[in-house]
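Protein chains: 2
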Amino acid sequence: MREQVLKKLQLATTKALVIECTVPKPGNVSRYHDFPEQKFEHFLVSGIELGMRLPELAAKFSLGDTVMKATRTMLSVQKGGNTHLGSIFLLTPLLASACANNGVVNFADVQTRIKRADWEDTLKYIKAIRMTDFDKLPDIEGKLNVKSDDIANFVRRKKVALYDWMSAGIEVNGICYEYVECYKLTQGTAKEIIENLDKGIEKAVQHGFLFALSSYVDNLVIGKKGKRYALQLQKLAAELYNKRAAFAPVGCKSQMKFRQLFKKLERDEVNPGTTADIIVSALFLVFLDEVRI
Amino acid sequence: MREQVLKKLQLATTKALVIECTVPKPGNVSRYHDFPEQKFEHFLVSGIELGMRLPELAAKFSLGDTVMKATRTMLSVQKGGNTHLGSIFLLTPLLASACANNGVVNFADVQTRIKRADWEDTLKYIKAIRMTDFDKLPDIEGKLNVKSDDIANFVRRKKVALYDWMSAGIEVNGICYEYVECYKLTQGTAKEIIENLDKGIEKAVQHGFLFALSSYVDNLVIGKKGKRYALQLQKLAAELYNKRAAFAPVGCKSQMKFRQLFKKLERDEVNPGTTADIIVSALFLVFLDEVRI
Numbered sequence: 525m526r527e528q529v530l531k532k533l534q535l536a537t538t539k540a541l542v543i544e545c546t547v548p549k550p551g552n553v554s555r556y557h558d559f560p561e562q563k564f565e566h567f568l569v570s571g572i573e574l575g576m577r578l579p580e581l582a583a584k585f586s587l588g589d590t591v592m593k594a595t596r597t598m599l600s601v602q603k604g605g606n607t608h609l610g611s612i613f614l615l616t617p618l619l620a621s622a623c624a625n626n627g628v629v630n631f632a633d634v635q636t637r638i639k640r641a642d643w644e645d646t647l648k649y650i651k652a653i654r655m656t657d658f659d660k661l662p663d664i665e666g667k668l669n670v671k672s673d674d675i676a677n678f679v680r681r682k683k684v685a686l687y688d689w690m691s692a693g694i695e696v697n698g699i700c701y702e703y704v705e706c707y708k709l710t711q712g713t714a715k716e717i718i719e720n721l722d723k724g725i726e727k728a729v730q731h732g733f734l735f736a737l738s739s740y741v742d743n744l745v746i747g748k749k750g751k752r753y754a755l756q757l758q759k760l761a762a763e764l765y766n767k768r769a770a771f772a773p774v775g776c777k778s779q780m781k782f783r784q785l786f787k788k789l790e791r792d793e794v795n796p797g798t799t800a801d802i803i804v805s806a807l808f809l810v811f812l813d814e815v816r817i
Numbered sequence: 525m526r527e528q529v530l531k532k533l534q535l536a537t538t539k540a541l542v543i544e545c546t547v548p549k550p551g552n553v554s555r556y557h558d559f560p561e562q563k564f565e566h567f568l569v570s571g572i573e574l575g576m577r578l579p580e581l582a583a584k585f586s587l588g589d590t591v592m593k594a595t596r597t598m599l600s601v602q603k604g605g606n607t608h609l610g611s612i613f614l615l616t617p618l619l620a621s622a623c624a625n626n627g628v629v630n631f632a633d634v635q636t637r638i639k640r641a642d643w644e645d646t647l648k649y650i651k652a653i654r655m656t657d658f659d660k661l662p663d664i665e666g667k668l669n670v671k672s673d674d675i676a677n678f679v680r681r682k683k684v685a686l687y688d689w690m691s692a693g694i695e696v697n698g699i700c701y702e703y704v705e706c707y708k709l710t711q712g713t714a715k716e717i718i719e720n721l722d723k724g725i726e727k728a729v730q731h732g733f734l735f736a737l738s739s740y741v742d743n744l745v746i747g748k749k750g751k752r753y754a755l756q757l758q759k760l761a762a763e764l765y766n767k768r769a770a771f772a773p774v775g776c777k778s779q780m781k782f783r784q785l786f787k788k789l790e791r792d793e794v795n796p797g798t799t800a801d802i803i804v805s806a807l808f809l810v811f812l813d814e815v816r817i
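Line order of the protein sequences matches chains A and B.
Its first residue numbered 525, the first sequence is counted upward by one per residue in the working numbering.
Its first residue numbered 525, the second sequence is counted upward by one per residue in the working numbering.
Certain hints may be false.
Chain copies aren't distinguished; within one or between two, either way the pair holds.
[Unchecked claim] SDA-like, lysine to any residue: derived pairs with alpha carbons at most 20 Å apart: (1) Lys787 x Tyr556; (2) Lys603 x Val815; (3) Lys584 x Leu530; (4) Lys532 x Arg577; (5) Lys727 x His557; (6) Lys532 x Glu580; (7) Lys723 x Asp558; (8) Lys708 x Ser739; (9) Lys531 x Ala583; (10) Lys603 x Asp813; (11) Lys759 x Arg791; (12) Lys723 x Gln562; (13) Lys671 x Phe564; (14) Lys584 x Glu527; (15) Lys531 x Glu580; (16) Lys748 x Gly605.
Hints listed in this document are in silico derivations from the structure and should not be mistaken for laboratory results.
Same shape as in the complex, but just chain A (with noise of 0.2 Å):
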């Protein structure tokens, strides 16, 4: 890979996976928010480790080797703790994509390669997986449960490829929905987004959150609060979409029924951190067009 292309790469990524926590976003970690044990200044530190090296590790790596080293790096260069694995599991076919094509992201390219990974990239991202806080993920009905104390023997005995083990969760997990799906929830927010940049960066990644919540279920909402709560989620953030709440004036009745969203989710504690993974790999999109903000 030419050293203008990685850098090109490098910068992409690091701007996406830092705009996107900086951007307030119903239930996240922002510029105006942080968890108790989460603070923004970790996801910062986190965004600028992983956007200078997962490119160079999805031009080295295997799918599953980039996800295994990228969380360690993750997990090792602050304190705390999983800022970003979904972001990892979406970026890295994509970066490897990019690396091989001269800096462009080719999806035909993108659904070989996930469609070519085998069982041992399976296993690396069940280890990815489990080396974080794999508690909050809902269970997938079966054999193929991440949470399975079973599960890595499982995929070892019955050579379960990468793209049948996301297929399983589909149902339930919005970054098995992208790896099945060719990134069907990426590209509809990037667009959004995109078309959007006039109205400054935050509001249009507000609007292109508002997208991809209502397009699907937030599989961290379901393992914290169960289905019927992310489907109630689901409904309100499609209304706010299409009111285009995240473009309405101050005091206007979407706009309040937006703030009410923040407070509704800090306050029973629901994370949608698998859509906020959807905008890192968006924006990634966004930001490899060389867009200025």
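Chain B: place on chain A using the hints.
Chain B alone, transformed into the frame defined by chain A:
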């Protein structure tokens, strides 16, 4: 320069620039405060781009060419204008030294590099300053005032070396002071930050800011409000630094006085931006030590 060294310098530079603009400091843009035309995200994007590019520039080019190229980068990558001119000036000799010394800043070498820089470097520094909002700077008596229309001719005619030009500004300009006094403020501020890291990066940086502001008048404050106002501010900062106001519990008198300083500078539209630049160079030294926050 080895690839590992370059990466280390890129990471330390990016973290320094991103964390500096994040931490709330009186009169400056931060995670909680935007200026009307300069938003937090402008500082973030500029910080990311400079963090990636400045180390390589400093390794390849003279001090003068580095600051000129970096200033152009800063102005072209985001829409907020001059976010980091002072930081570029402070980081450039440090990075030039670190690039040549296996990633370690050698202050004797820094001094030598500054003393070796000739009148052509001076011209390029002037060019860089005059690309930005240089009307904000305080005047310097005599022929070496960067705001004078004849400055370039004078420097060319008299072959004014960089060190000599910087020496003319030390009364009113913290960056000149650092060039001449071999980063005394930066080194002192880094020490303050490191000694207090256990209290969290935000408070440690705020304490370092009070130290720097109490140690030297901020030239942008002089430029805006005159020397008397700047001296009063310096005195107040000394009081808050001595009382360790950055670490005082909420509701305590010195903490309230520190809060009032935020409000006062905001109301007066006073921006001690050069002191923020000192924080960048200090944080660069801190992160070069690979501290984990």
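Right, here's what the structure says about each hint:
| no. | hint | verdict |
| --- | --- | --- |
| 1 | Lys787 x Tyr556 | both (13 Å within a copy, 18 Å between copies) |
| 2 | Lys603 x Val815 | between (32 Å within a copy, 11 Å between copies) |
| 3 | Lys584 x Leu530 | both (12 Å within a copy, 19 Å between copies) |
| 4 | Lys532 x Arg577 | both (13 Å within a copy, 11 Å between copies) |
| 5 | Lys727 x His557 | both (17 Å within a copy, 17 Å between copies) |
| 6 | Lys532 x Glu580 | both (12 Å within a copy, 15 Å between copies) |
| 7 | Lys723 x Asp558 | between (26 Å within a copy, 16 Å between copies) |
| 8 | Lys708 x Ser739 | within (10 Å within a copy, 55 Å between copies) |
| 9 | Lys531 x Ala583 | both (13 Å within a copy, 16 Å between copies) |
| 10 | Lys603 x Asp813 | between (32 Å within a copy, 16 Å between copies) |
| 11 | Lys759 x Arg791 | within (19 Å within a copy, 43 Å between copies) |
| 12 | Lys723 x Gln562 | between (30 Å within a copy, 15 Å between copies) |
| 13 | Lys671 x Phe564 | neither (28 Å within a copy, 40 Å between copies) |
| 14 | Lys584 x Glu527 | both (14 Å within a copy, 15 Å between copies) |
| 15 | Lys531 x Glu580 | both (10 Å within a copy, 11 Å between copies) |
| 16 | Lys748 x Gly605 | within (18 Å within a copy, 43 Å between copies) |
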